[in-house]
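**Q** Given these sequences and hints, build the entire structure.
Protein sequence lines correspond, in order, to chains B and Z. The C-terminal residue of the first sequence carries number 545 in the numbering used here, and the numbering is unbroken. The C-terminal residue of the second sequence carries number 1432 in the numbering used here, and the numbering is unbroken.
Just so you know, the hints here were simulated from the structure itself, not pulled from any lab data. Owing to the predicted nature of the structure, the values given are computational and were not obtained by experimental measurement. Be aware that one or more of the hints could be misleading.
Stated by the list, open to error - No farther apart than 25 Å at their CA atoms in a straight line, the calculated lysine-lysine pairs in the PhoX-like style are these:
1) B:K82 - B:K26
2) Z:K1208 - Z:K1108
3) Z:K1205 - B:K500
4) Z:K1194 - Z:K1182
5) Z:K1252 - Z:K1208
6) Z:K1182 - Z:K1208
7) B:K500 - Z:K1144
8) B:K166 - Z:K1325
9) Z:K1363 - Z:K1325
10) Z:K1290 - Z:K1325
11) Z:K1290 - B:K500
12) B:K192 - B:K83
13) Z:K1252 - Z:K1144
14) B:K83 - B:K26
15) Z:K1252 - B:K500
16) Z:K1418 - B:K166
17) Z:K1182 - Z:K1290
18) Z:K1252 - Z:K1176
19) B:K243 - B:K290
20) B:K500 - Z:K1208
21) Z:K1194 - Z:K1252
Said to hold, decoys possible - Computed, partial: chain B to chain Z, Cβ under 7 Å:
22) K166
23) D336
24) W414
25) H426
26) G432
27) S492
28) Y509
29) L512
30) A516
By construction, the Cβ of each residue, glycine as well, lies at the ideal position given by its N, Cα and C atoms.
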Amino acid sequence: QKALFCISHAAESAIMVVNSVHWFRKCLRLHDNPALQEALNGADTVRCVYILDPWFAGAANVGINRWRFLLEALEDLDNSLKKLNSRLFVVRGQPTEVFPRLFKEWNVTRLTFEYDPEPYGKERDGAIIKMAQEFGVEAVIRNSHTLYNLDRIIEMNNNSPPLTFKRFQTIVSRLELPRRPLPPITRQQMDKCHTQIGENHDLLYSIPSLEELGFRTEDLSPAVWRGGESEALDRLNKHLDKKVWVANLEHPRVNTCSLYASPTGLSPYLRFGCLSCRVLYYNLRELYMKLRKRCSPPLSLFGQLLWREFFYTAATNNPNFDRMEGNPICVQIPWDQNPEALAKWAEGRTGFPWIDAIMTQLRQEGWIHHLARHAVACFLTRGDLWISWESGMKVFEELLLDADWSVNAGSWMWLSCSAFFQQFFHCYCPVGFGRRTDPSGDYIRRYIPILKDYPNRYIYEPWNAPESLQKAANCVVGVDYPKPMINHAEGSRLNIERMKQVYQQLSHYRGLSLLASVPTIQEEAEPPMTDESQTSSGPGRRRPD
Amino acid sequence: MKRGRTGLKSICQTFPSHEEKVKRQKWAPSSFSLTPMQDWGNLPHHIILQIFQHLSLVDRARASSVCRCWNDVFHTPDLWRRFEFELNQPATSYLRSTHPDLIQQIIKKHAQHLQYVSFKVDSCTESAEAACDILSQLVNCTIKTLGLISTARPSFMDVSQAHFVSALTVVFVNSKSLSSIKIDDTPVDDPSLKVLVANNSDTLKLLKMSSCPHVSPAGILCVADQCHGLRELALNYHLLSDELLLALSTEKHVHLEHLRIDVVSENPGQTHFHTIKRSSWEALVRHSPKVNIVMYFFLYEEEFEPFFCEETPVTHLYFGRAVSKEMLGRIGLNCPRLVELVVCANGLEPLDEELIRIAQRCKSLTAIGLGECEVTCSGFVEFVKMCGGRLTQLSIMEEVLIPDSSYNLEQIHSEVSKHLGRMWFPDMMPTW
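**A** Shown next as structure tokens:
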């Protein structure tokens, strides 16, 4: 009897089939996708799914540009998979109800997906992993959305995320290099597994259209930022070519051109995972080492990537990261509630052309330059309107293509001086800052065409132009273009007092110095190990009083 | 309460007798003898008071409904010396509001105990009006400190002036020992200041009234003339006069410690600012050699003409808008007492010369903040070298520093750190 049992057991394992499902969420790409590689590894069948709930789409805080980008990215994935004799399965519904159905229908034995470090993602995935276990499905998760293992960074900082960027950079400089990116999946890999594509695939699993999600598309202008992995990789090459041509791998000074959408911009592609952050990292690194013949590049080369990593690290264990109340790192500031003022800001009707042009570009195209973000964020919060950064964050979440949950919330806290020990004295003037960034005024004329006939002298402050000039320019302030919604000098004067009140209570600081009212973290940072530190005599270690 | 009793019993049983003896010696013999069956409710008042002082108001209020004894302690005058009324409307603020019942209780039972009072209001006029209503009822009080604070928009300015002034003068008249008053951004006027002075001239030490448009130079002069104990004063530039500075420097007057002046523009080019004579400033500094003079400027560039033409004893200088290169040059020349300089914005020409002159001439400078300006890296290093370790606050936005042939952005931080004697980095902003 014992022998019989063994034989039947062996027979069973001989016919054990591996049916994989790879679940795309972010990481909408076939290159550097370790979880997808695991799905293919030794599998008999594989299906790549994306789960989408069109009914939920209408209710979510997601604007048309973000949906369009996502749908384009899905279409690009589908096309790439077609070339590998497979398809993308877009399944309508919620993961918790979709997976039980699919597990049964497809006899799934392995589920793979990329690790999502955001608190909401971790919770959702925890439930799915548990459900998979109940169905006897093996869950395989791999990290590829961030350069490093974020828990490791936290561990190295005495088990708490670094709260200053410099501290973060110091810790990162002590880590090993990020894991090398994997190559894209190949036809050969796919040939070993089979994807069963039914006759009714396009009926059941097609990518929805914008109309299906409830959007009206008659007046929609063509996308400035085209979604998808192919576009991302194409842009990467152009981005690197541009760096070589400029022969300067450092931050260029901002000029008027930077304000417009760049054909080599990469941030939305990093956010959706159309481009792997490690691929970008290693490409930049190798380019630098080729051009400069140095041992290793400075951390500033990876500025954009490290900021992203910084905010992801700060957020990963903090489910309240995106709000003020109950958020341990956020200063509690008595912001005003003023829906009317918020709407004017969100819709670009503040009466300040610099602010309105930026918000218009954001709504039309889905991307604005980081200095433009600073300007509008300051205006909404600590600079002028004294409205909570949470409201601004939600507007950006709706409109901005590269707004990761962590990066968006973290940046808003940073810019409103609500966290990360930021000095609040520096207030961007909605007139002066714009004029210094683009003296030609062309940016205003492009996004607020009604002001195009104003001369440079008045285009940033049209309310100061004499009436005759306003009439000649066919744009009278108060009639054709709104009056300024606030007196900036008065507003900023009040607000600096408010910030000081908050910070003085926070730190019990009673002195007169404006700068000293913001508490500082004593940096235990050691000097970075660059070549320069060997030539200079090295900084002293005496701490300030 | 049963659980409490058991807990107390167990604590009593572990009380070493030695400590009991010591305690008996400390307290009066009649008031303290703790037997194993003692009730929480019978604890001596001063012990409950001590515990209550560690509790938040909400917890204390809850504790007060436990028993009559605890309720009595809750109403001990000592617990009501300091109070902050928070008046917010849900439609305009996220913040909670002091419960109206509690407010009523305070007015009924504790008005005479209040000594240090503040009102925090949100941007709703209703909140400011509620504050005025409370003020009007604080008749039998001996308030020493009064603060009217708007946490967002200045809603006190929307209250009818008559209502505000009559509420405020109730406190001025009844307190008679006001020492510290903060009434920035309110419609206080000259007659109310007269009332203040008539009743509190001996005790007034601090008066903060920035942005009170209904006060005239004569009104504030009356305060300076009569209140010889005044140590801290905050007002707007239009109230500042030669007479005022001289009044603050008479023999009878104590040393002035802190003078804050806000210089705010009404409309570009339409406000003409008067100048203060150098001799008036000198008189002030002679009388009060350690005085801190804090000036906050919110002007358009062309409005700066009247300022810093002669030596000005300002110590803390803040420019909330763009300030010209020329003006920063003047500051280097004429502000030898400068301790802190904060510049919000300048322009696109490097400020190397101006900074170096400031380092040379402003020997007391310990704090500097620069945003939206330009300084070459070499110029900046030169500046830091000259100031050395006396710079305890150095807050420079990263974009301010322009790399040149001597230094790039990587090298600047280690060079500056070397001269400061500590680790230093410029202020950064996220880029993505």
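**Q** If a hint holds in the structure, say so; if it doesn't, say that too.
**A** Here's how the hints hold up against the structure:
1. B:K82 - B:K26: holds, 20 Å
2. Z:K1208 - Z:K1108: violated, 29 Å
3. Z:K1205 - B:K500: holds, 22 Å
4. Z:K1194 - Z:K1182: Satisfied, since the Cα-Cα distance of roughly 16 Å is no more than 25 Å.
5. Z:K1252 - Z:K1208: holds, 21 Å
6. Z:K1182 - Z:K1208: Holds - the C-alpha atoms of Z:K1208 and Z:K1182 are around 5 Å apart, at most 25 Å.
7. B:K500 - Z:K1144: holds, 23 Å
8. B:K166 - Z:K1325: violated, 31 Å
9. Z:K1363 - Z:K1325: Measuring from Cα to Cα gives roughly 20 Å; hence the hint holds.
10. Z:K1290 - Z:K1325: violated, 29 Å
11. Z:K1290 - B:K500: holds, 23 Å
12. B:K192 - B:K83: This hinted pair holds, its Cα atoms lying about 15 Å apart.
13. Z:K1252 - Z:K1144: holds, 22 Å
14. B:K83 - B:K26: holds, 21 Å
15. Z:K1252 - B:K500: Violated, because 34 Å separates the two Cα atoms, which is more than 25 Å.
16. Z:K1418 - B:K166: holds, 17 Å
17. Z:K1182 - Z:K1290: The hint holds at about 23 Å.
18. Z:K1252 - Z:K1176: Distance of about 21 Å is within 25 Å: holds.
19. B:K243 - B:K290: Holds, at roughly 12 Å.
20. B:K500 - Z:K1208: Holds, because 15 Å separates the two Cα atoms, which is no more than 25 Å.
21. Z:K1194 - Z:K1252: holds, 19 Å
22. K166: The hint holds - B:K166 has a Cβ within 7 Å of chain Z, the shortest such distance being about 5 Å.
23. D336: Because about 4 Å separates B:D336 from the closest Cβ in chain Z, which is inside the 7 Å limit, the hint holds.
24. W414: holds, 6 Å
25. H426: Where the cut-off is 7 Å and the nearest Cβ of chain Z is about 3 Å from B:H426, the hint holds.
26. G432: holds, 5 Å
27. S492: Constraint on B:S492 satisfied, holds at 6 Å.
28. Y509: With Cβ-Cβ at 12 Å, over 7 Å, it is violated.
29. L512: holds, 6 Å
30. A516: Holds - the Cβ of B:A516 comes within 7 Å of chain Z, reaching about 6 Å at its closest.
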